[in-house]
Amino acid sequence: MSSSPSGLELGAQAHGLEGRMVADPESGGELLEVAMGPHHPSTHGVFRMDVTLDGERIVRLKPVFGYLHRNHEKLGEGQTYLASIPYTDRLDYICSLTNNWAYALAVEKLAGQEVPERAEYLRVIVGELTRVQNHALSVGFLIQDMGASGTPLMYGFKEREKILDLFESLTGSRMMCNYMRFGGVRVDATEEWLNQARKVVAGLPKFADEFEALLVTNEILMARTQGVGILPPKLAISAGVTGPLLRASGVNYDLRKVDHYSIYDRFDFKVPLGDHWDVYDRFMIRLLELRQSIRILEQALKDIPAGPVMDPKARIRNFRPKAGEAYGRIEAPKGELGFYLISDGGPNPYRYRVRPPSFMNLTILEDMCLGQNVADVVLILGSVDIVLGEVDR
Amino acid sequence: MKTVEEIKAAIEAAVPGAGVEIVPNPGPSAQHSLLLKPERAVEVAKFLRDDPELALDHLSNVTGVDWLDKEITEKVKVTRTVTKTVDGVEQPIEETVEETRKRVEPGYLEVVYHLFSVAKKHGPVVLRMRTGNRSDQVELPSMTRVWRSAEFQEREIFDLYGVVFKGHPDLRRILMWEGFKDHPMRKDYVEPDDFEYEPTAHDEVLRRAQAHRALEAAAAGKGAAQ
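Just so you know, the sequences run in chain order U and R. If you're matching positions, the first sequence starts at 1 in this note's numbering and goes up one per residue. If you're matching positions, the second sequence starts at 1 in this note's numbering and goes up one per residue.
Treat the hints as calculated values from the structure; they're not laboratory data. You may find that some hints are simply not true.
[Claimed, not checked] Taking lysine to aspartate or glutamate pairs in the EDC-like style, the calculated list, with each CA pair at most 20 Å apart, reads:
| hint | chain 1 | residue 1 | chain 2 | residue 2 |
| --- | --- | --- | --- | --- |
| 1 | R | 2 | R | 71 |
| 2 | U | 74 | R | 182 |
| 3 | U | 74 | R | 188 |
| 4 | R | 120 | U | 265 |
| 5 | R | 181 | R | 139 |
| 6 | R | 120 | R | 39 |
| 7 | R | 2 | R | 53 |
| 8 | U | 234 | R | 53 |
| 9 | U | 234 | R | 57 |
| 10 | R | 70 | U | 117 |
| 11 | U | 234 | R | 51 |
| 12 | R | 166 | R | 39 |
| 13 | R | 121 | U | 168 |
| 14 | R | 121 | R | 50 |
| 15 | R | 187 | U | 192 |
| 16 | R | 121 | R | 51 |
| 17 | U | 234 | U | 366 |
| 18 | U | 234 | U | 367 |
| 19 | R | 70 | U | 77 |
| 20 | R | 187 | R | 69 |
| 21 | R | 77 | R | 99 |
| 22 | U | 62 | R | 71 |
| 23 | U | 162 | U | 209 |
| 24 | R | 120 | U | 259 |
| 25 | U | 74 | R | 170 |
| 26 | U | 199 | U | 168 |
| 27 | U | 62 | U | 265 |
| 28 | R | 121 | U | 259 |
| 29 | U | 270 | U | 311 |
| 30 | U | 62 | R | 178 |
| 31 | U | 257 | U | 168 |
| 32 | R | 187 | U | 344 |
| 33 | U | 302 | U | 192 |
| 34 | R | 102 | R | 71 |
| 35 | R | 120 | R | 53 |
| 36 | R | 2 | U | 259 |
| 37 | R | 102 | R | 57 |
| 38 | U | 234 | R | 50 |
| 39 | U | 257 | R | 57 |
| 40 | R | 77 | R | 87 |
Keep in mind the model is a prediction, meaning the values are calculated, not measured.
Please construct the entire structure, taking both the sequences and the accompanying hints into account.
In structure tokens form, the structure reads like this:
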């Protein structure tokens, strides 16, 4: 990178919508350097890819991010454990509830706290609802990136709207839910809310059927995505790729099954795996996972017991875990979301680290894109499913 | 899954002279870690990845931690000889006195690796490495050639903590922009004075506003002189 212009210069050129011709030492021809982003409709936020092209073919691609960086981890060190919960909402702002959950789980490990049964059920219910709306949305956006402007995305949004209404009536907020606490959840769900949730969940299989009928065998979708952006399983494991992206590469690794955290052992569900490791498989895996989430939701909403939602021994105020450290992780919709905390016995964490799945999944973006066409990059990035609030922190 | 003691023994059998130490974790999570010597760390990492029983193929998380210099105050008993007049005769007498001494334990930057196994579905195994100090001995070996997932995370630690990873293929800043100085995640990082203070009637704000204006005036004076 030292011989090429700095990132800032490249970005400045991109604002003038210009590329830059550079000599290709291998063929003797010329290559085109362009900056895709940071304001590009396909980048799902402020994200840039410095791309070197040979005609339409990608020969080099460097992701550049940090535009949304606010040093989330430093903020976490400067405030109490409790005060960080609303901040975690803003990491992956599509899935605030799973962010809360991962953080609560890590703190519970650090302090050795228990969670009552009803609270575990509520966590699973809101967590799986989060997964459903994330996958509906990410598939919608993927199709949008392909040029199907509007319709499929709005199908996804329509269903998400119902789920966000549920979140709003339970937590008071549609997206920034701030719902979990160490040792339980903040408020209990009423019987009316559970009935409303059962109604929404009962409507989800029909949505999944419609969505699949519209998309799965669509000729354009198949032509654009099959065999594109191959990610071999060996590379995926080595690169720390997790979530639907890893399972689309055929690796059976779902933390809900592996770590046995919370009460996932009680539910009957399968882990869908891909065979072809391409963009189409990633798209299909999300649709299949959505159906498995519906299965979990049906079981959880049927079995949810009565009882307290907070551990009565849990301290909310003046919470000071003993000195030590803990790494806790969950299967968030985008992959393994982990929190690593070091306590020195004080009211604030000494070290507060987020292991964001979409940041790690970007490691192999270049490997997937090399040799592909420019138009495919947009799809490959869409299939990774990134959220910049989490990548940049 | 093997315990940390068993993993330590396995490492020492496979990589002689690896010098692994166990760092106990007193908290309820009981995730103890292994402190590696930087010189042999890559060999140890390769062993942990390739050993069929451990098969730690998934490097999940890489974290930087900053430990500041610690000033330790301790009371030491010192024996010394003093000349005293006893019974009108001056003679040397041994006397034990308690003295308060201060010493500075140098700080260091620490990098923590959380390993899991996708093949065997176990973990975590926690590895740590420490730099010599926080200023000029901040080099550690890079794990990117062993686990690709270290690539961006080590860049992040280089960016935010200033640990230099030897053997990293592309060590650049990742979250802060190129040309940024300093490492914002360090505990002693001071935010640059580039804020605008509203002149409210709070003493603290007024004081900082005044200090800020004085700095600005000094900078402007310097600019005019050049």
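Evaluation of the provided hints:
1. 2/R x 71/R: violated, 38 Å
2. 74/U x 182/R: Since the Cα atoms of residue 74/U and residue 182/R sit roughly 15 Å apart, the hinted pair holds (cutoff 20 Å).
3. 74/U x 188/R: Status holds; Cα separation ~12 Å.
4. 120/R x 265/U: At roughly 18 Å apart (the allowed maximum being 20 Å), residue 265/U and residue 120/R satisfy the hint.
5. 181/R x 139/R: Satisfied, since the Cα-Cα distance of roughly 18 Å is no more than 20 Å.
6. 120/R x 39/R: Given pair residue 120/R, residue 39/R is violated - Cα atoms ~28 Å apart, limit 20 Å.
7. 2/R x 53/R: Cα-Cα ~9 Å, so holds.
8. 234/U x 53/R: holds, 18 Å
9. 234/U x 57/R: Holds: residue 234/U and residue 57/R sit about 9 Å apart, inside 20 Å.
10. 70/R x 117/U: Given pair residue 70/R, residue 117/U is violated - Cα atoms ~44 Å apart, limit 20 Å.
11. 234/U x 51/R: Holds, at about 16 Å.
12. 166/R x 39/R: holds, 11 Å
13. 121/R x 168/U: Given that 20 Å is the threshold and the Cα spacing comes to 37 Å, the pair is violated.
14. 121/R x 50/R: Satisfied, since the Cα-Cα distance of roughly 15 Å is no more than 20 Å.
15. 187/R x 192/U: With a Cα-Cα distance of about 49 Å, the restraint between residue 187/R and residue 192/U is violated, given a limit of 20 Å.
16. 121/R x 51/R: holds, 14 Å
17. 234/U x 366/U: holds, 16 Å
18. 234/U x 367/U: Answer holds: residue 234/U to residue 367/U is near 13 Å, not above 20 Å.
19. 70/R x 77/U: holds, 19 Å
20. 187/R x 69/R: holds, 11 Å
21. 77/R x 99/R: Holds: residue 77/R and residue 99/R sit about 6 Å apart, inside 20 Å.
22. 62/U x 71/R: violated, 44 Å
23. 162/U x 209/U: holds, 17 Å
24. 120/R x 259/U: Status holds; Cα separation ~12 Å.
25. 74/U x 170/R: violated, 25 Å
26. 199/U x 168/U: With a Cα-Cα distance of about 16 Å, the restraint between residue 199/U and residue 168/U holds, given a limit of 20 Å.
27. 62/U x 265/U: violated, 41 Å
28. 121/R x 259/U: Answer holds: residue 121/R to residue 259/U is near 8 Å, not above 20 Å.
29. 270/U x 311/U: violated, 31 Å
30. 62/U x 178/R: holds, 14 Å
31. 257/U x 168/U: Status violated; Cα separation ~29 Å.
32. 187/R x 344/U: holds, 14 Å
33. 302/U x 192/U: holds, 14 Å
34. 102/R x 71/R: Cα-Cα ~7 Å, so holds.
35. 120/R x 53/R: holds, 8 Å
36. 2/R x 259/U: Status holds; Cα separation ~16 Å.
37. 102/R x 57/R: violated, 45 Å
38. 234/U x 50/R: holds, 13 Å
39. 257/U x 57/R: Holds, at about 18 Å.
40. 77/R x 87/R: Since the Cα atoms of residue 77/R and residue 87/R sit roughly 27 Å apart, the hinted pair is violated (cutoff 20 Å).
When the structure is compared with the earlier hints, violations turn up for hints 1, 6, 10, 13, 15, 22, 25, 27, 29, 31, 37, 40 and for no others.
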